[in-house]
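As you go down the protein sequences, you meet chains C and V in turn. Under my numbering, the residue at position 338 of the first sequence is numbered 338, and the numbers go up by one with no gaps. Under my numbering, the residue at position 257 of the second sequence is numbered 257, and the numbers go up by one with no gaps.
Just so you know, these hints were derived from the structure itself, not from any lab. Where is the CB? At the ideal position from N, CA and C, for every residue including glycine. One should not assume that every hint holds.
[Stated by the list, open to error] Footprint (simulated), chain V over chain C, 3 or more residues, beta carbon under 8 Å:
| no. | stretch |
| --- | --- |
| 1 | 4-16 |
| 2 | 96-110 |
| 3 | 127-140 |
| 4 | 155-167 |
| 5 | 194-204 |
| 6 | 220-227 |
| 7 | 362-372 |
Each chain, letter by letter, is given below.
Protein chains: 2
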Amino acid sequence: MNEFHPPKRILLGPGPSDVDPRVLRALAAPLIGHLDPEFLKAMDDIQQLLRIVFETKNRLTIPISATGSAGMEAGFSNLIEQGDSVVVCVNGVFGERMSDIVKRCGGVLTRLETTWGTGFDMDQLRETLIQTHPKVLAVVHAETSTGVLTPPEKITEVLTDFPETLFLLDCVTSLGGHSVGVDQHCIDFAYSGTQKCLSCPPGLSPITVSERAVAQIRKRQTKVQSWYLDLTMVEKYWGSDRTYHHTAPVSMNYAIREALRLITEEGLPQRWDRHRLNHRALVAGIEAMGLGMLVKPEDRLWTLNAIKVPENVSDATVRSRLLSEFGIEIGGGLGPLKDKIWRVGLMGTSSQQNNVLLLLSALELILIQEGFHANRSAGVEAAAKIYTEA
Amino acid sequence: MNEFHPPKRILLGPGPSDVDPRVLRALAAPLIGHLDPEFLKAMDDIQQLLRIVFETKNRLTIPISATGSAGMEAGFSNLIEQGDSVVVCVNGVFGERMSDIVKRCGGVLTRLETTWGTGFDMDQLRETLIQTHPKVLAVVHAETSTGVLTPPEKITEVLTDFPETLFLLDCVTSLGGHSVGVDQHCIDFAYSGTQKCLSCPPGLSPITVSERAVAQIRKRQTKVQSWYLDLTMVEKYWGSDRTYHHTAPVSMNYAIREALRLITEEGLPQRWDRHRLNHRALVAGIEAMGLGMLVKPEDRLWTLNAIKVPENVSDATVRSRLLSEFGIEIGGGLGPLKDKIWRVGLMGTSSQQNNVLLLLSALELILIQEGFHANRSAGVEAAAKIYTEA
């Protein structure tokens, strides 16, 4: 078996996104112990940088030593106990996943559902909360499976009438691409993944927990069912006690430190603007080519773009040609949207003018060859216009 | 905040161990998607290589996407359901951790205990099994907190009279350093960590599951309480279905593939011999210096060596001087052994003649300065004698 040489890819799928060479170099630094005084300093730096990116002062702001879904599980398994009422807003794969996890944690689940690809009605949400008065309301900020954004400020406004309810937000595909505003929007538990808009390899799940959520966790009647994700222990490992819990993934922590440093160098508002601009250019190009977006303009993420696969065009053929002929990865649809959408991620390092222009060119070329009557060059021209005017 | 430059260390603690430059280079390769056809091939390679290292034909042999303790939790949370009887052999931190996790999973726990630093009595184990007829017997092969080895063949012999009991083995500090022999010893669930004798950075937990354990998991009455660790889903992601579950830590999988390749290049028996030889040289040197080992010769691990801190010598001072003056990390004692032992890991890439000789020299130098009457040069001479005769 030979050395593995990954092919050159441009990662425009639902994640991982492209990783800056500085982050790859950080990954390759020699190991030191996870309790080494120098590593403890790096752990402090990471917490400080994560607070900036989450826009929070929360003390308990750390990377969980597993991927984004473990951050989701950490949220529910710490916040809820057997019989606790939980409302989950479901309009895609990750709302479904939340529902599954809530039940595994013994929560009493109420689902507020809407069609995949559309946003939630806040009056319906209010009605659901009046009926259930849940301990936790769980919302996906950026639904990776559909490209729908649920603005946290709208949720916070509804929640002002339900002060006992904890607000849990999935920011896997938004953190670093859209503003999350944890303190501003009174979010009690937010989690993310490293491989999306933070542009660090997958493997860690940054979380942040409000003081009132920490207080709730501390006064639980029963132990958290997961030892690995039990924040009463994990917080002591990351806090000043440094009590041994597990062994932190040292190299991945080198990487996230450098990825977060890149974000603070760019500046958060500048980074959000970049994501917005590249999204606008992509959408302009896609629509000029004669393709359609799945999501209404006001509900669209900047980081994950769901493009409707035109009739008589094979989803799989186009994606496979993009990969093999251009080295470009994009994602397909999941569940009810299988074969119906392409998911184009413009996240972190991948959110670049060059990638937008290249994708539009490559897609046009393939679509015309596959018999779709794209307006020749219109996609690239429309995108270029957005960049010129910006 | 500046770029992080980890200091140069020689990692002779309980883990992480030193990582070969080839593995660091693999880590730094550009990212590709976790469902990329080329990454799927790498996933297949990793499973094949892990089967070699675990000495098994088990189909379900994969790295869990989190550190070693998550492998432990995966074992119990998949194998046991509410009310199942579990016997845990406890003679250190990791037996204690197992006990904690069993209770969190709803298991009915029976502990077979013995003093930390000593092995188990097989007659007592038989007696415990007769009384409990457990669904699972859990044993730590290599107790990292004390340096005690529990030979799996002894357990297997007792278990021949209890065919319904599943044998779960913690191989975190043994896999790649001692033979584990999963198939030979009829082990139903074994887990390890990457940062010990595999000499890969921490972040993954290789596991292997016997066909009869897989059958048990499939016929569970209740869902596995952890979504992230639910092997009924994880096995489909790693199997031919490739059903999306979570996003595998791509870079860490590059790294483990290369670390496993290094192991197969060296050869498993050669690698075990190397660990044994360096252990013997270290012990000869330690005893010649006038220090003592915690564990009786027949119960000693080759990978983790527990040295008694001599009276009137400060554990913390010696460890801190080793780190600051020589860049050598060793570990201290945990729980009842705090301040009482040093834990010297000779694992994977760190298990080297040069490291043994350097540690003995540095330790002697510090101990003499700290007022301990070490026999001058006797440690290095005794170790050198072992190497010369080998």
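Each hint, compared with the structure:
Residue count for the stretch 4-16 of chain C with a Cβ under 8 Å from a Cβ of chain V: 10. That meets the three needed, and the coverage hint holds. Given a C-beta distance limit of less than 8 Å, the hint that chain V covers the stretch 96-110 of chain C holds, as 6 residues qualify and 3 suffice. Chain V is given as covering the stretch 127-140 of chain C, and this is violated because 0 residues of the stretch bring a CB closer than 8 Å to a CB of that chain, at least three being needed. Closer than 8 Å: that is the beta-carbon criterion, and the stretch 155-167 of chain C has 0 residues meeting it against chain V, so the requirement of 3 is violated.
Taking a C-beta to C-beta cut-off of 8 Å, the stretch 194-204 of chain C contributes 4 residues in contact with chain V, enough for the three needed, and the coverage statement holds. For the stretch 220-227 of chain C, the stated coverage by chain V is satisfied: 5 residues place a CB nearer than 8 Å to a CB of that chain, which reaches the threshold of 3. Here the stretch 362-372 of chain C counts 0 residues with a CB under 8 Å from a CB of chain V, which misses the bar of 3, and the coverage is violated.
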